[in-house]
Amino acid sequence: MINAMIKWMQRYEGWVGAGGALCLLAGLYLSLVASPPDYYQGEVVRIMYIHVPLVQTAMLAYSVLFAGSLWYLWKRDPIVDNLCHAAAGISAFLTAAGLITGSIWAKPTWNTWWTWDARLVSFAVMFLILVGYLMLRTFVDDPEREARYAAVLAIVGFVDLPIVHFSVEWWRTLHQPLSISMRGVALSGEMLRPLIVMSIGFSALFVYLLMVRTQMLYLTRLLHAKKGRLLSHAHLSDLDT
Amino acid sequence: MPFFRVIRWVAWKDLISEIRSRETISSMFFFALIVILVFSFSFSMDQSETRELIAGIIWVAFAFTGIIGLGKSFSAELQNDCLEHLQISPASKGAIYLGKLAANLLFMLIVEIILFPMFVIFFNLDVVEQLPVLLLIFALATLGLSTVGTLFSAMTVQIRAREVMLPILLLPLAVPVMIAAVEATRGALNGSPIAMYGNWLQLLAVFDVVFTVMSFWVFEWILDS
Numbered sequence: 001m002i003n004a005m006i007k008w009m010q011r012y013e014g015w016v017g018a019g020g021a022l023c024l025l026a027g028l029y030l031s032l033v034a035s036p037p038d039y040y041q042g043e044v045v046r047i048m049y050i051h052v053p054l055v056q057t058a059m060l061a062y063s064v065l066f067a068g069s070l071w072y073l074w075k076r077d078p079i080v081d082n083l084c085h086a087a088a089g090i091s092a093f094l095t096a097a098g099l100i101t102g103s104i105w106a107k108p109t110w111n112t113w114w115t116w117d118a119r120l121v122s123f124a125v126m127f128l129i130l131v132g133y134l135m136l137r138t139f140v141d142d143p144e145r146e147a148r149y150a151a152v153l154a155i156v157g158f159v160d161l162p163i164v165h166f167s168v169e170w171w172r173t174l175h176q177p178l179s180i181s182m183r184g185v186a187l188s189g190e191m192l193r194p195l196i197v198m199s200i201g202f203s204a205l206f207v208y209l210l211m212v213r214t215q216m217l218y219l220t221r222l223l224h225a226k227k228g229r230l231l232s233h234a235h236l237s238d239l240d241t
Numbered sequence: 001m002p003f004f005r006v007i008r009w010v011a012w013k014d015l016i017s018e019i020r021s022r023e024t025i026s027s028m029f030f031f032a033l034i035v036i037l038v039f040s041f042s043f044s045m046d047q048s049e050t051r052e053l054i055a056g057i058i059w060v061a062f063a064f065t066g067i068i069g070l071g072k073s074f075s076a077e078l079q080n081d082c083l084e085h086l087q088i089s090p091a092s093k094g095a096i097y098l099g100k101l102a103a104n105l106l107f108m109l110i111v112e113i114i115l116f117p118m119f120v121i122f123f124n125l126d127v128v129e130q131l132p133v134l135l136l137i138f139a140l141a142t143l144g145l146s147t148v149g150t151l152f153s154a155m156t157v158q159i160r161a162r163e164v165m166l167p168i169l170l171l172p173l174a175v176p177v178m179i180a181a182v183e184a185t186r187g188a189l190n191g192s193p194i195a196m197y198g199n200w201l202q203l204l205a206v207f208d209v210v211f212t213v214m215s216f217w218v219f220e221w222i223l224d225s
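Chains as they are written, first to last, in our numbering: chain C, 1 to 241; chain B, 1 to 225.
Pulled out of the complex, with its shape left as it was, chain C reads as follows (with noise of 0.2 angstroms):
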């Protein structure tokens, strides 16, 4: 299973990132140049190519952690515990890249920088439990009881981000609709475009970074573990002497 998964990762990981990167390319080309500059909000609205699709990425990531630490959890597969690990730092890398263009384009639209809307609550508590996982992961000396409780973290938080969004947006709430919901679209054609070539290219650069990070956190404990047994074992020939 461990070495499928890692064999699989090494195959495929080379076309993702190239696919990824060339995406991302025709997408910057296409929202930075090809579009249009919006009616109301002129050339502000590019930074909503960058921003979206990493909101979007982020919350991708948050899903595959919650996936993988049930998975996890019912398994018990090491790899999978890295992968939710690698998951949980990307999330929150992405998270945080999300907020700050988020805050950027408040300035200008809604002249502030930040605002106690659901969204941004939400997206903001959602920071503050990726980097709770990711502390919570240091403190633990024993890496199985370390997977456990983390997964037992990422379902936990991953049930209550509902529940906050839902809590604030009855306090108070901004945020311009949803531009894409299950209701339709409501963008024309040409900003259409960059913003899906820009999410597909920042999905793969996600499922990039995650097939190597995986592998790290693979191969970093599999050299911890190589390292304990070497460290035993001279400790016993030095017994022996």
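Errors might be hidden in some of the hints.
What the hints assert, rightly or not - What the simulated footprint calls covered on chain B by chain C, stretch by stretch (three residues with Cβ under 8 angstroms from a Cβ of chain C suffice, anywhere in the stretch; the number is not a length):
no. : stretch
1   : 13-27
2   : 103-117
3   : 132-145
4   : 200-207
Stated by the list, open to error - Far from chain B by the CB rule (all over 10 angstroms, computed), these chain C residues:
no. : residue
5   : Glu43
6   : Ile50
7   : Arg148
Hints are computed from structural coordinates only; laboratory data are not their basis.
Idealized CB from N, CA, C, for every residue including glycine.
Since chain C is already given, all that's left is putting chain B on it; use the hints.
Below, chain B without anything else, positioned relative to chain C:
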């Protein structure tokens, strides 16, 4: 041992050791007094401003004191390897969780009920008619804090830096509880009709149910050596 007996015994054990040592409740109480004192220095309280701020102050004090109590709940089990005995006991882990939850809920509510008159006195509140609904709000919101709190207390007691990690994990997840508790308490203290803030009570109830069920289910993976 039958499921409900485990719950009762675990809660009873915590209660007995608290009655004998009086550690948790007294430290929670004096910590909360200090929090109130700090707040009254930080904001110069006029009658009009108090009304707007007091609900938030009450819940910040309650949440911080709660964290002290929750942290002690499982760190007390470290003495004499009690935690390991809980881990290896054949009793249902969910029942152990519910017993600990009951004890934590009880300690927090006792402290809140002792503290609330202090708020009434220091901040000159008028609460007699609102007491039943305030008690309901306290009970629902405290249950919300202690469901997640008991789970994370058991988790953080077995790791390094536990005093830091408990609030870091608990407070972000408790955001809905804090918002709902503050809004409902403000509504009640302002004397508004319950229809104005009833939806916050519903939100608290939903949070309580979701996280009690969920913590009950995942506790098996926390208290597992």
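Do the hints match the structure? See the list:
Chain C is given as covering the stretch 13-27 of chain B, and this is violated because 0 residues of the stretch bring a CB closer than 8 angstroms to a CB of that chain, at least three being needed. Here the stretch 103-117 of chain B counts 0 residues with a CB under 8 angstroms from a CB of chain C, which misses the bar of 3, and the coverage is violated. Beta-carbon proximity to chain C at under 8 angstroms applies to 0 residues in the stretch 132-145 of chain B; the threshold of 3 is not reached and the given coverage is violated. As drawn, the stretch 200-207 of chain B meets chain C at 4 residues by the rule of a beta-carbon pair under 8 angstroms; at three or more, the given contact holds.
Chain B leaves Glu43 (chain C) outside its interface by the beta-carbon criterion, the shortest separation being 35 angstroms against a cut-off of 10 angstroms. Once the 10 angstroms rule is applied to beta carbons, Ile50 (chain C) is consistent with being away from chain B; the minimum gap is 26 angstroms. The Cβ of Arg148 (chain C) does not lie farther than 10 angstroms from every Cβ of chain B; its closest approach is about 5 angstroms, which violates its non-interface assignment.
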